[in-house]
Amino acid sequence: MASGARGGALAPALLVLPGVTWLVAFFVLPLLTLARTSFGAPWWGGYARAVTGFGAVFARSFGFAALATVIALVLAYPLAYVLAFRAGRWRGVLLGLVILPFFTTFLVRTFAWKTIMNDDGLVVRALQAVHLLPPGGRLLDTAWAVVGGLTYNFLPFMILPIYASLEKVDRRLVEAAQDLFSGPARAFRLVVLPLSLPGVLAGSLLTFIPAAGDFVNAELLGGPNQRMIGSVIQGQFLQVRDYPLAAALSFGLMALIAVGVVVAARLLREEQLA
Amino acid sequence: MSRLSRRRFLGTTLGVAAAAVGGSDVVGCRSSGGGSRVLRISNWPLYIDDRTIPDFQRATGITVQYHEDINDNNEFFAKIAEPLRRGQSIDRDVIVLTDWVAGRMIRLGYATPLDLQAFPNRANLSALAQNADFDPGRRYTVPWLFGMVGLGYNPRVTGREITSVRDLFDPAFKGRVTMVTEMRDTLGLVMLGEGRDPARCTAADIQVAAARVKQARESGQVRAFTGNDYTEDLANGNIAVAIAWSGDIQGLHADNPDLVWVAPREGAILFSDNMLSPKSSDRLSLAMAWIDWCYAPAHSAQIVSRAGYISAVQGAIPELERIAPSLAQSPLVNPPASLLAQLRTFRSLSDEEDASFTRVFLDAIGG
Numbered sequence: 001m002a003s004g005a006r007g008g009a010l011a012p013a014l015l016v017l018p019g020v021t022w023l024v025a026f027f028v029l030p031l032l033t034l035a036r037t038s039f040g041a042p043w044w045g046g047y048a049r050a051v052t053g054f055g056a057v058f059a060r061s062f063g064f065a066a067l068a069t070v071i072a073l074v075l076a077y078p079l080a081y082v083l084a085f086r087a088g089r090w091r092g093v094l095l096g097l098v099i100l101p102f103f104t105t106f107l108v109r110t111f112a113w114k115t116i117m118n119d120d121g122l123v124v125r126a127l128q129a130v131h132l133l134p135p136g137g138r139l140l141d142t143a144w145a146v147v148g149g150l151t152y153n154f155l156p157f158m159i160l161p162i163y164a165s166l167e168k169v170d171r172r173l174v175e176a177a178q179d180l181f182s183g184p185a186r187a188f189r190l191v192v193l194p195l196s197l198p199g200v201l202a203g204s205l206l207t208f209i210p211a212a213g214d215f216v217n218a219e220l221l222g223g224p225n226q227r228m229i230g231s232v233i234q235g236q237f238l239q240v241r242d243y244p245l246a247a248a249l250s251f252g253l254m255a256l257i258a259v260g261v262v263v264a265a266r267l268l269r270e271e272q273l274a
Numbered sequence: 001m002s003r004l005s006r007r008r009f010l011g012t013t014l015g016v017a018a019a020a021v022g023g024s025d026v027v028g029c030r031s032s033g034g035g036s037r038v039l040r041i042s043n044w045p046l047y048i049d050d051r052t053i054p055d056f057q058r059a060t061g062i063t064v065q066y067h068e069d070i071n072d073n074n075e076f077f078a079k080i081a082e083p084l085r086r087g088q089s090i091d092r093d094v095i096v097l098t099d100w101v102a103g104r105m106i107r108l109g110y111a112t113p114l115d116l117q118a119f120p121n122r123a124n125l126s127a128l129a130q131n132a133d134f135d136p137g138r139r140y141t142v143p144w145l146f147g148m149v150g151l152g153y154n155p156r157v158t159g160r161e162i163t164s165v166r167d168l169f170d171p172a173f174k175g176r177v178t179m180v181t182e183m184r185d186t187l188g189l190v191m192l193g194e195g196r197d198p199a200r201c202t203a204a205d206i207q208v209a210a211a212r213v214k215q216a217r218e219s220g221q222v223r224a225f226t227g228n229d230y231t232e233d234l235a236n237g238n239i240a241v242a243i244a245w246s247g248d249i250q251g252l253h254a255d256n257p258d259l260v261w262v263a264p265r266e267g268a269i270l271f272s273d274n275m276l277s278p279k280s281s282d283r284l285s286l287a288m289a290w291i292d293w294c295y296a297p298a299h300s301a302q303i304v305s306r307a308g309y310i311s312a313v314q315g316a317i318p319e320l321e322r323i324a325p326s327l328a329q330s331p332l333v334n335p336p337a338s339l340l341a342q343l344r345t346f347r348s349l350s351d352e353e354d355a356s357f358t359r360v361f362l363d364a365i366g367g
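Residue numbers (our numbering), protein chains in the order written: chain S, 1 to 274; chain B, 1 to 367.
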């Protein structure tokens with residue numbers, strides 16, 4: 001029947017309609033508005049000031065985010081590995097523990113870090129006792145505090161994708177590698193690790209991207225020499241109300257991250273082909 | 001129980017972040033009451049006692065919705081400016097803004113003139129409050145309270161008396177100094193230390209003060225630029241000297257009697273936070289009833305007893321002596337003539353000046 005056939009052809013379109021509507025209304029349109037805002041007078045003025053005045057802040061933001069991503073990866077991979085292969089009946093409980101902190105808001109957890117790293121708190125005293133911090137040294141308002149806060153806040157975003165990709169690895173492949181005289185290390189390097197790379201990439205992006213644009217950690221845990229681009233954008237929007245510059249900075253951040261993602265995806269594809 | 005003052009709040013950052021996370025937004029929320037006998041007020045946190053509103057409601061039959069949703073002048077203004085420009089309601093009938101933003105509201109036509117017929121207690125306006133350069137003749141605004149910006153310190157931590165703005169830059173306190181993110185307060189005070197006058201400052205004065213701040217930030221002398229959150233670090237000794245709002249230190253005295261607020265010998269900054277009715281409000285008579293109520297000396301004393309700042313109402317101090325005799329003696333609430341003589345008010349800036357000075361300031365503090 002003609003109408004039935006047409007209905008069949010329409011079905012996919014109808015199915016994507018809610019998602020597309022959502023994206024257009026809450027992502028594309030605001031983005032276009034932001035783009036229009038970024039064109040001051042002259043139209044490139046905001047971009048020129050963004051490039052000339054804020055290079056150091058961009059560099060710092062990406063540096064902090066990259067460091068936090070690497071640390072999170074080092075912490076997350078073994079944990080995800082244990083969750084996927086060794087946790088047995090504890091798996092559900094351990095996964096629950098990974099997600100548990102999310103039941104409290106981001107803001108409250110970051111404030112808790114302020115207390116934990118307080119100048120005369122236990123952590124600082126312990127570090128001073130083992131001479132990792134000089135007497136009178138501090139953690140709060142330093143780069144370490146910011147990187148630590150970023151790592152902590154985005155760690156679950158690293159753990160979960162790695163766990164998901166490790167969990168899907170076919171155990172028989174590992175057994176096959178062992179049958180072919182691979183030791184555990186070699187089997188891991190040649191079989192498990194490459195198969196988990198998509199999870200590593202996804203986790204790294206999910207950590208790096210929000211970390212680079214984050215401003216809560218830098219504002220609460222960092223000092224005035226640790227400001228990140230998110231704080232600067234916030235300041236330009238709400239304090240100076242230089243909307244073209246703030247919008248241009250936002251687009252600059254977005255563009256740099258997009259380039260980074262494309263490069264990372266390329267590298268991964270080549271890695272998998274090799 | 002510790003008395004708190006409005007500046008002693010978590011500060012700028014938490015304010016924004018909380019708004020972003022989804023706190024009650026001035027612009028977003030529609031008033032739930034909606035009745036015409038409902039008065040909607042925005043004020044700073046911890047800036048009122050807990051008797052004034054119930055007393056007012058009982059006496060007038062007006063229902064008050066009191067929102068402590070102003071944490072930062074710039075951020076609050078950024079939230080309300082756009083709806084006011086478009087002629088939309090911000091669902092507030094009285095808001096309390098610091099002198100310079102109140103001035104900006106008046107310039108932009110966002111403030112409704114006060115109805116003096118309905119404001120008999122205006123006669124109680126103190127000498128200090130009679131006039132304001134941002135609102136000549138006080139046609140649109142009257143102060144909620146006055147406050148002072150000076151230095152806060154704990155003599156046991158500094159080991160000596162602090163007398164000068166220049167003590168902020170003493171290498172002995174490296175990494176143990178905070179300044180505030182409010183441009184006029186930090187640059188105004190530093191400017192006084194450089195022998196320049198914030199009441200008549202030029203772009204060059206701003207540059208000099210900002211350079212001093214920037215150098216101190218880069219060298220690590222200044223640990224943080226804060227909202228109200230410096231109070232905690234000052235109280236527990238992490239910070240030696242802070243640029244401090246007088247009422248904060250007054251509020252901390254209950255738990256930390258050692259803390260000292262001092263007007264440096266070069267001078268201190270006087271600011272006012274002012275009540276005004278935004279043009280979107282259709283309840284001026286209710287707003288005036290509230291403002292008039294707050295200008296009765298006994299009511300103002302009641303507010304000061306908790307807020308710890310300076311009343312703008314003639315006769316409030318004798319009333320305060322009856323309910324809080326020791327507070328009434330505090331120079332932070334009842335400044336003697338010698339202290340008043342040391343106070344300077346940051347002059348009004350044009351919008352262009354404000355934008356360019358703010359940019360210089362943000363660069364200095366690393367924002």
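Some clues are possibly wrong.
[Unchecked claim] When the alpha-carbon atoms are kept at most 25 Å apart in a straight line, the in silico SDA-like pairs for lysine to any residue are as follows: (1) K79/B with W144/S; (2) K79/B with D119/S; (3) K174/B with R60/S; (4) K114/S with K79/B; (5) K214/B with R49/S; (6) K79/B with A355/B; (7) K279/B with Q57/B; (8) K174/B with T33/S; (9) K114/S with K174/B; (10) K79/B with A202/S; (11) K174/B with W144/S; (12) K174/B with T105/S; (13) K174/B with A35/S; (14) K114/S with A355/B; (15) K279/B with K174/B.
[What the hints assert, rightly or not] Computed spacing ranges between beta-carbons, pair by pair: (16) A41/S with E194/B: 31 to 37 Å; (17) L132/S with E353/B: 57 to 63 Å; (18) R139/B with W43/S: 18 to 24 Å; (19) V259/S with A203/B: 36 to 42 Å; (20) V130/S with R85/B: 56 to 62 Å; (21) A337/B with V130/S: 54 to 60 Å; (22) E82/B with L127/S: 45 to 51 Å; (23) G53/S with E353/B: 16 to 22 Å.
Hints in this document: simulated from the structure, not taken from any laboratory.
Each residue gets a CB set at the ideal place from its N, CA and C atoms; glycine is no exception.
What's the verdict on K279/B and Q57/B, does the C-alpha distance respect the 25 Å limit or exceed it? The given pair, whose Cα atoms are some 24 Å apart, holds under the 25 Å limit.
Please work out if K79/B and A202/S have their alpha carbons no farther apart than 25 Å. 36 Å, violated
Quick check on a hinted range of 57 to 63 Å for L132/S and E353/B, using CB atoms only. 48 Å, violated
Can the restraint linking K114/S and K174/B be considered satisfied, given a maximum Cα separation of 25 Å? Holds, at roughly 21 Å.
Restraint status (C-alpha distance of K174/B to T105/S at most 25 Å): 34 Å, violated
Pair hint outcome, K279/B versus K174/B [Cα-Cα no greater than 25 Å]: 47 Å, violated
C-beta pair V259/S, A203/B: status relative to the range 36 to 42 Å that was hinted: 39 Å, holds
Take a quick look at whether K174/B and W144/S sit within 25 Å of each other, Cα to Cα. 19 Å, holds
With a cut-off of 25 Å on the C-alpha distance, tell me whether K114/S and K79/B pass. Distance ~28 Å between K114/S and K79/B Cα, so the pair is violated.
Are K214/B and R49/S close enough, with their CA atoms no more than 25 Å apart? With Cα atoms ~20 Å apart, K214/B and R49/S stay inside 25 Å; holds.
Check the following: the C-beta atoms of R139/B and W43/S are separated by a distance inside 18 to 24 Å. Given a distance of about 41 Å, which is not inside 18 to 24 Å, the answer is violated.
Hint consistency between K79/B and D119/S [alpha-carbon to alpha-carbon, up to 25 Å]: 35 Å, violated
In the structure shown, a violation is registered for the earlier hints numbered 1, 2, 4, 8, 10, 12, 13, 14, 15, 17, 18, in ascending order.
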